[in-house]
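Q: Between the sequences and the hints, there should be enough to build the whole structure, so can you do that?
Residue numbering for the sequence shown follows the numbering used here, beginning at 36 and increasing consecutively.
Accuracy of the hints is not assured; some may be wrong.
As the list claims (entries may be wrong) - PhoX-like mimics (lysine-lysine), calculated; alpha carbons at most 20 Å apart, straight line:
id, residue 1, residue 2
1, Lys45, Lys94
2, Lys47, Lys81
3, Lys81, Lys45
4, Lys81, Lys94
What the hints contain is simulated information worked out from the structure, not anything from laboratory work.
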Amino acid sequence: MALGTDPALKIKDQQTGEVATDRETGASLYTVTVMLMEDGRAEVLKITVPETGLAAGLKPGVMVRPVELFATPWARIFNGQLSDGVAYRAARLELVTVEAAQ
36 MALGTDPALK IKDQQTGEVA TDRETGASLY TVTVMLMEDG RAEVLKITVP ETGLAAGLKP
96 GVMVRPVELF ATPWARIFNG QLSDGVAYRA ARLELVTVEA AQ
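A: In structure tokens:
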């Protein structure tokens, strides 16, 4: 997967600016966008990662491997409209080196 964006602090409450935190560790949560390319197509995924799981050297374009990636389907009704999707969470992001990819 290629990292598409710099990690961005995840905001829990837009009105107060409260930062989202990991329930178990209290670490601040960040969102990254990655591009998964396989079988001639690309998917863009937003993954939530705790600050403690962000590898040094993360920048757009580098190859990463999400560790302990977990997908959670969700659905909600807002203003009478159904919205649904999948939330992705990883324990950490590892940088993928050329040697590891071979």
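Q: Holds or violated: Lys45 with Lys94, Cα cutoff 20 Å?
A: Status holds; Cα separation ~17 Å.
Q: Run the distance test for Lys81 versus Lys45: straight-line Cα separation, threshold 20 Å.
A: Satisfied, since the Cα-Cα distance of roughly 11 Å is no more than 20 Å.
Q: CA of Lys81 to CA of Lys94, is that 20 Å or under?
A: With a Cα-Cα distance of about 15 Å, the restraint between Lys81 and Lys94 holds, given a limit of 20 Å.
Q: Holds or violated: are the alpha carbons of Lys47 and Lys81 at most 20 Å from each other?
A: holds, 16 Å
The structure meets every hint from the earlier list without exception.
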